[in-house]
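First to last, the protein sequences are chains A and S. Residues 9 to 324 (this note's numbering) are what the first sequence spells out, left to right. Residues 9 to 324 (this note's numbering) are what the second sequence spells out, left to right.
What you were told as hints is all true, and nothing was included just to trick you.
Which copy is meant is left open, because identical chains are indistinguishable; a pair holds if it fits in one copy or across any two.
Keeping only pairs whose Cα atoms sit at most 27 Å apart, straight-line, the calculated DSS-like set for lysine-lysine is: (1) 144 <-> 306; (2) 323 <-> 225; (3) 155 <-> 119; (4) 318 <-> 225; (5) 323 <-> 119; (6) 183 <-> 287; (7) 165 <-> 306; (8) 318 <-> 287; (9) 108 <-> 144; (10) 318 <-> 188; (11) 119 <-> 243; (12) 287 <-> 190; (13) 287 <-> 222; (14) 197 <-> 179; (15) 190 <-> 179; (16) 306 <-> 24; (17) 323 <-> 155; (18) 155 <-> 165; (19) 243 <-> 222.
Simulated from the structure, these hints should not be mistaken for lab results.
Here is what each chain is made of, one letter per residue.
Protein chains: 2
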Amino acid sequence: LTLSVQASRIDQEPIKVIEPATGLNTAMVELGKNLWFDPRLSKSNAISCNSCHNLATGGVDNLPSSIGHQWTIGPINSPTVLNAEYNFVQFWNGRAKDLKAQASGPIDNPKEMAFTHQLAVETVASIPAYQTMFTKAFGSKDISIDKVAQAIAEFEKTLRTPNANFDLWLKGDDKALTAKQKAGYQLFKDIGCIACHSGPAVGGQMYQKMGLVKPYKTNNPDTGRAAITNNPSDKHFFKVPTLRNVELTYPYFHDGAIWSLQEAVEIMADVQLGRTLSKDESAKIVAFLQSLTGEQPKVTLPSLPPSTYKTPQPKL
Amino acid sequence: LTLSVQASRIDQEPIKVIEPATGLNTAMVELGKNLWFDPRLSKSNAISCNSCHNLATGGVDNLPSSIGHQWTIGPINSPTVLNAEYNFVQFWNGRAKDLKAQASGPIDNPKEMAFTHQLAVETVASIPAYQTMFTKAFGSKDISIDKVAQAIAEFEKTLRTPNANFDLWLKGDDKALTAKQKAGYQLFKDIGCIACHSGPAVGGQMYQKMGLVKPYKTNNPDTGRAAITNNPSDKHFFKVPTLRNVELTYPYFHDGAIWSLQEAVEIMADVQLGRTLSKDESAKIVAFLQSLTGEQPKVTLPSLPPSTYKTPQPKL
Ligand code: HEC
Ligand code: HEC
Ligand code: HEC
Ligand code: HEC
Ligand SMILES: [Ca+2]
Ligand SMILES: [Ca+2]
Ligand SMILES: [Ca+2]
Ligand SMILES: [Mg+2]
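Just chain A, same shape as in the assembly:
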């Protein structure tokens, strides 16, 4: 019985299990981890990838929008890097096709790390221990921004969160979810959330309009996908975000305006589905969403190799 329940849930439920990553290049992962935490990829030497995607806080910064170089407040909420490999494209508006294409962007974004790719490469190349790490990862100590991005992406692929209670239930453990969580999941499917939020990441598979049946009120001027396609009908289309670990990734939506998960759920029901949820209904869905919090990656801080006299100095 258990086996057939298991097989049927895994096959038939629209949400899929997250498994730990396998088959990665471990030398490249180690290099990528160093680069992920290295603030010397920023002009100030004070901002690393981890500043805005803190692996101690669900891969986000828990701010409405991020703080970049010289305390510049960014235009949009920082999405989680946990399970980001599952996204069909990267960024809210999908302008990067994958993790590697994304990873060099923040380095020379003047509102984020505010560096140049050339200075970032010079920085890394000036440090002998990095040359050794590049040689182990790529077979050559030649360093390029492309390899920097590839190594960071390889590290990001390790950032999965397996063994959420929901996944244990998918694999056949009936007791892994409470009755309230099961009821919340049923509601999530019945009222249509699942149409947009499905797959292993419970999202990340398509663009959808924010405010499908009713406009979403926001002060954020971002037009979403339309900024890329220049097609007015793409206005306010965003990549549907993952709901994995969503209890950790507040505040919610691209404008980071909503702090309460229950409120975010009620807004979704309203603007995407034209439906007013009772407090009891939204609380059940929240309970289900909390079952999507998985094991957070166990990341030991690297000991970054010191700079040399050749390393460009920080500019605050």
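Position chain S with the ligands relative to chain A; hints supplied.
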């Protein structure tokens, strides 16, 4: 023979071995580690202890002076927290008597974390998982700024760096140092550096005048110890810093003006001892100082518990 060499070096050398910390309250260490990495102890929710004392970079930020709330540039270089427990007092001017007395200072320093102690305590108290951690560490879920400081201090006590090559040599392994390093250590003792830099931390045991025999030229207006004692004869007296891991803690001196360790050594010889070192001599001392880099603490990032509706929201 080895045994007696060992015994005599350990007894007779003025620099002492660093051993890993023992006898700590492990529940308090774990709580302290969470607090150490928690940016919610700052007004912006973007700055943690680790922002300025990055455990990936020798317990410092490698900036001339730190970046605090709203990109405020601080007045003085951030010292390492590695082995800081050995300091006879904390801060450059010794205004805190120990790690616990120090730890609540940055939280309500307007140039650093810019929070208030009351809001910091409210923040921590609003998070159920912290209440559990406090109960494990202190036997009660009552939270105070004093306990916050005590827990952070307990974590900081774990931040020792044992097994530097110099320590292996002290323990009797003749091959742990190169001939150049041994010559550098001999010079360090012969010319008088050891008078101020000794003990397990190779410093941290006394105040001394910066510019003892010749003024040190700096744009930094800090008067050191005199700001605390109001005694003009204490002008430019600073706590002698540790030289453990000094190859990682550039830039050097309280003003963070000197990026090169060799230059820092030559300046010390000049302004503290009235002595001009040859390049060969300063290079030997640098080689010795590099033997003081120990094993960096292996710190796994905590998974910080999420905020609740009671948690004060960030103010950027
Ligand atoms: C100053 C803040 C900041 C820094 C630093 C930063 N990011 Fe981001 N990151 C963001 C924001 C904001 C977005 C969303 C931007 C958008 O979608 O237009 C984002 C998006 C992403 C995404 C896409 C996730 C998704 O679901 O679409 C990934 C992956 C990512 N960042 C990785 C990185 C890496 C790797 C680095 C370092 C090289 C980095 N980030 C540095 C703020 C930052
Ligand atoms: C038609 C597509 C669609 C439907 C249906 C839908 N969503 Fe969404 N969901 C989105 C999009 C697009 C976003 C991102 C919107 C934004 O940030 O502007 C989103 C965002 C969210 C967020 C915030 C995630 C974050 O990290 O910011 C939550 C929570 C959420 N949805 C839950 C639900 C629930 C619960 C339902 C059903 C009541 C639902 N969604 C129905 C498309 C949909
Ligand atoms: C914005 C930067 C910044 C932040 C955040 C910060 N510090 Fe510091 N820290 C400094 C600077 C700068 C000094 C030196 C100040 C002085 O001596 O006057 C210092 C000094 C110290 C010292 C004394 C070391 C010595 O050798 O005297 C310790 C210990 C320490 N900090 C621990 C902490 C802890 C614990 C936190 C978090 C609760 C923290 N710091 C947050 C910048 C910072
Ligand atoms: C009379 C006391 C004294 C003597 C002798 C002395 N030092 Fe220092 N040393 C200090 C003090 C005080 C500082 C901190 C000065 C400051 O930052 O303004 C310091 C700082 C340093 C630093 C920078 C550490 C850091 O993290 O910023 C180095 C390196 C150093 N000393 C090495 C040496 C060497 C090598 C010698 C011998 C050539 C030496 N010192 C002799 C008192 C002394
Ligand atoms: Ca970005
Ligand atoms: Ca968010
Ligand atoms: Ca320094
Ligand atoms: Mg301080």
